[in-house]
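Asker: Okay, here's what each chain looks like letter by letter:
4 protein chains.
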Amino acid sequence: MRVGVLGASGRMGSTVVEAVNGAEDMELAAALDHGDPLEKLTEAGAEAVVDFTLPGAVMGNTEWALKHSVRPVVGVSGFDAERIATVRGWSEETGTAAAVIPNFSIGAVLLMRFAGQAAKYFPSAEIIEAHHPRKIDAPSGTAVHTARMIAQAREGLPEFPDATECDPDHSRGAKVDGVPVHAVRATGYVASQQVWFGGEGERLTLSHDSTDRGSFMPGVLLAVREVMRREGLVVGLDELLD
Amino acid sequence: MRVGVLGASGRMGSTVVEAVNGAEDMELAAALDHGDPLEKLTEAGAEAVVDFTLPGAVMGNTEWALKHSVRPVVGVSGFDAERIATVRGWSEETGTAAAVIPNFSIGAVLLMRFAGQAAKYFPSAEIIEAHHPRKIDAPSGTAVHTARMIAQAREGLPEFPDATECDPDHSRGAKVDGVPVHAVRATGYVASQQVWFGGEGERLTLSHDSTDRGSFMPGVLLAVREVMRREGLVVGLDELLD
Amino acid sequence: MRVGVLGASGRMGSTVVEAVNGAEDMELAAALDHGDPLEKLTEAGAEAVVDFTLPGAVMGNTEWALKHSVRPVVGVSGFDAERIATVRGWSEETGTAAAVIPNFSIGAVLLMRFAGQAAKYFPSAEIIEAHHPRKIDAPSGTAVHTARMIAQAREGLPEFPDATECDPDHSRGAKVDGVPVHAVRATGYVASQQVWFGGEGERLTLSHDSTDRGSFMPGVLLAVREVMRREGLVVGLDELLD
Amino acid sequence: MRVGVLGASGRMGSTVVEAVNGAEDMELAAALDHGDPLEKLTEAGAEAVVDFTLPGAVMGNTEWALKHSVRPVVGVSGFDAERIATVRGWSEETGTAAAVIPNFSIGAVLLMRFAGQAAKYFPSAEIIEAHHPRKIDAPSGTAVHTARMIAQAREGLPEFPDATECDPDHSRGAKVDGVPVHAVRATGYVASQQVWFGGEGERLTLSHDSTDRGSFMPGVLLAVREVMRREGLVVGLDELLD
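Chains as they are written, first to last, in UniProt numbering: chain A, 1 to 242; chain B, 1 to 242; chain C, 1 to 242; chain D, 1 to 242.
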């Protein structure tokens, strides 16, 4: 399959270029940067395009790709329900498959899935995420998403037990749908997440740790392969895992 | 539901008696020990019976229970394929449901399930189990079972990379179906298991830790409830989890 | 050596009674409870006394013991500088040794010591403590003490890097002398603490986990032995470790 | 201070060149490779020289440096007692300080020190080391050294409890001076080590994790600074830490 890359000189984009070049079943059709015309994709026969540009550019790119039968795999962050609905509309209209993937780490996505499956069996659950200290927001989007999945899986069950009366300096974490989330910011960490489940006399701890953005590439290649053999819009890597 | 307990004065049995007494939807029908006649179960109206006796007693107990329409939940260890086939035969013959559960820890069973689901996405996987130092065999049955699940899920994939040429004192663990298993025996541990998955620039670590046999009780109660509303033979807690 | 126990029917006190009975070099002289006269200690020939009573009783007990040449080992919590000064005065006046020990866990005390030693070599450090969900205050006293030791060891060094601008729900932990402290409250935990140090391309993680109050007994026995062969007042288990 | 680097185009050497260039109190005097004459060091006014060449070259380099009053900091591996004695002789003869450092990771060296300090307080201890799967020997030199420190600190204490009778496939690890050492080889790991201490009802776990050779640079710079202000031969980073 012939694959284009948008945002090809950025940190993620350049890693994707390498990964596509290294994949036996793919060929790099075109590596485009800010300013390059999208027509180069069709001229080069791109069948799919991986987009790691910016929130301001991605919607235009995606519309163009779908209308020219190039299947977009979108890694740009910040897709809300409205943007997803818009892309779904274009995909249906054009009959061209697309994928919007908020997190390309297969490990992180598996951790979220497992957390959702385990949640109903444990009376207690807390999330600890750790990222590099240059990150400006806390907690991470992945942690918020994981907390929501845990809360959803526990609907109807008793609240977490917690007798804390005195915590003047907020050591008990942010409550996201009732699930405590703690954020660590430390040199030596890239992107890590742990979910601590506790029950009477036992603990189940799920831990994922990314130390390099190379860890996202198996997820990117998986999404490209799947968008080529599916129809319609895929949202999230989880749908693509067995 | 009215529940009997066999082996009721043993360490696990007595904990089960407490758990049944504490469950709102259950009543303790009878707590029997070595020497007590099984007839007490039917006299007391037991609908299900939890068996934590010994390998030499369990088959007789189970046959009797099934033939008297008391649903057995068997926690005695060491059930091979032959014993399972025999119990399945009795269950079909009598039309009475039964459950044989090698591990009642919901957490440990979830960890095994997750390990099986994750295995195909990572090039490397190793198991580290830790138990109290009075355990006479290594590695643990749960670790062996987990290794087999990982190996099965990776069928057809490349072997784990490992350039080790020199390891004269066997530090690389036992290979169970090719999966390295390391056993720790240390004071302060009861029954713990970790699975370490590794991929390019990332790690997924699943960890379960039992510090008390109370941790098995949610699994025992779940098995009792399920054997009451199902038909046929259930083998393993995994079938009973969503 | 002959040892008395005050608060002998409490949870900690009764465990101490067992531990003294099990120690080859000790004899239980007297096990006293609320209401028992302290004279029983001297009548029974107690040389040392372990006090696990309450803040309202401990000062009176300690003064009495010191004035009767019985060496007190005080495990009651909440000793501030004033109380320590008072006990030191009594100890000097009477020439009788004493020990005030805020934390009898050798493992927890070693962890604090190691954290203090490591702190100056790492640009980042955060503390995660986990306790049972019945605890009413957060973070734990041990975590606060550990944070202070880390802050002191890093005096003059740059602050921890942290670009967080947006953390509306307080996921970044309580800052204790500038050190982030996160508190987990979960079933299945008794008293645990982790210190996460991070540096360029590396992490050092120190973790201590108590699952049973039996873990405090080696520290209690050590303190008794040391108070018998030392002079003056000892504050904290750290002074008693090599 | 003016610093030379030998083996400057190797993986470690080139990282040292960067680190020296980035240190405010250092200047890169000369970066030499295989074939370059050592005289360049003295011509460039090097006061110290970091050697990351090979076992076959390092002794000649070190003798030359000491005889020309350039203080060597040796990072080449495989220094036995004989080599150390030889370097010590040259250092004494010439009155020039030198350092032989088997492990430049401050974190790894601290972990070993802490393990040695904790060992006598716990009845059980095991080591788990994890490295990339291209490593050909197991267990790692650091793990062997850590095991020896633990064994030495426990001299005279009871052996680790271990009732294992049946372990046909060697899951219990290599015994190094009686301390079990388990070696994991997995993609995603660079160089990690954990020491698991266990006692009645408690665990102390020390964990160090290197994900990048940049983690060795603080140790290299520390050794250079210390060799400039000390006399005689220093062996090991531990002597240089407070």
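FYI, nobody ran anything at the bench for these hints, they're computed from the structure.
Fair warning: there could be bad hints in the mix.
It does not matter which identical chain is used: a pair holds within one copy or between any two.
Within a straight-line C-alpha distance of at most 25 Å, the following computed SDA-like cross-link-like pairs (lysine to any residue) qualify [said to hold, decoys possible]:
| no. | residue 1 | residue 2 |
| --- | --- | --- |
| 1 | Lys40 | Ala85 |
| 2 | Lys120 | Met1 |
| 3 | Lys175 | Ala44 |
| 4 | Lys120 | Ser77 |
| 5 | Lys120 | Gly236 |
| 6 | Lys40 | Glu155 |
| 7 | Lys40 | Glu159 |
| 8 | Lys135 | Gly22 |
| 9 | Lys120 | Arg213 |
Bear in mind that the values here come from a model prediction, so they are computed numbers and not experimental data.
Asker: Work down the list of hints and note, for each, if the structure agrees.
Answerer: Structure-based check of all given hints:
In this assembly of identical chains, Lys40 and Ala85 lie within 25 Å of each other by CA distance neither inside one copy nor across copies; the values are 27 Å within and 64 Å between. For the identical chains of this complex, Lys120 and Met1 are inter-copy neighbours only, at 23 Å across copies versus 42 Å inside a copy, given an alpha-carbon limit of 25 Å. Neither within a single protomer nor between protomers do Lys175 and Ala44 lie at most 25 Å apart by alpha-carbon distance, with minima of 49 Å and 49 Å respectively. In the homo-oligomer, the alpha carbons of Lys120 and Ser77 never lie at most 25 Å apart, since the shortest distance is 30 Å inside one protomer and 27 Å across protomers.
Proximity of Lys120 and Gly236 under a CA criterion of 25 Å is satisfied in both settings, with 23 Å inside one chain copy and 19 Å between copies. When the C-alpha separation of Lys40 and Glu155 is checked against a cutoff of 25 Å, the pair qualifies neither within a copy, at 50 Å, nor between copies, at 41 Å. In this homomeric assembly, Lys40 and Glu159 never come within 25 Å of each other (Cα to Cα): the closest approach is 55 Å inside a single copy and 40 Å across copies. When the C-alpha separation of Lys135 and Gly22 is checked against a cutoff of 25 Å, the pair qualifies only between copies, where the shortest distance is 24 Å, while the shortest distance within a copy is 30 Å.
In this homomeric assembly, Lys120 and Arg213 come within 25 Å of each other (Cα to Cα) only across copies, at 20 Å, whereas the closest approach inside a single copy is 32 Å.
The structure fails hints 1, 3, 4, 6, 7 (numbered hints given earlier, in ascending order).
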